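Heads up: take any position in the sequence shown, counting from 1, add 88, and you land on my numbering.
Hints are computed from structural coordinates only; laboratory data are not their basis.
Treat the hints with care, as some may be off.
[Said to hold, decoys possible] Just the calculated beta-carbon pair ranges, DEER-fashion:
| no. | residue 1 | residue 2 | range |
| --- | --- | --- | --- |
| 1 | R131 | R106 | 23 to 29 Å |
| 2 | L136 | K216 | 25 to 31 Å |
| 3 | R105 | T223 | 15 to 21 Å |
| 4 | T198 | R131 | 34 to 40 Å |
| 5 | V205 | K158 | 18 to 24 Å |
On a predicted model such as this, the values are computed, not experimentally measured, just so you know.
Cβ atoms here follow ideal geometry from the backbone N, Cα and C, with glycine treated the same way.
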Amino acid sequence: MTSKSLTKPMATYVHTRRVGSLLFVAGQGSRDPVTNAYAGVTRDSMGLVTAHDIAAQTAAVLANVERALKAEGLSRADLVDVTVFLTDMGEFQAMNEVWNEFFAATPAPTRTTVAVVRLPGDNFVEMKAIAAFPT
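Hey, can you work out the whole structure from these sequences and the hints?
Dropping the structure here:
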């Protein structure tokens, strides 16, 4: 499914796909669904990214994951597994702090964090997820 409350996909794919009682959420970046701007980036006069705030990006990514879940009638409490792609493991702690705050009142899902060289657009963190519909 693709929802107007989510960012436009960067290729031909859907944001979510339900298979049985599971919902698969495609990789979500930090783009704002209204402005299409990437969260937490600083640009120079040429428009090139000169710095980024991984905490701001992580919060935006988690908000996008939550929007995808909400579009399917689910919430963060329904997440069972998340894969985090991070371009700099030196930012693991800052990403983790935002993650911990996001799941402070909800049991956290299982998680794997993978270091990658680059992500599409001006993303420095991306997350894909699996959620389960209540049975």
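Review point. Which numbered hints are broken by the structure, listed smallest first?
Key: Going through the list in order, the structure violates hints 1 and 5 and respects the others.
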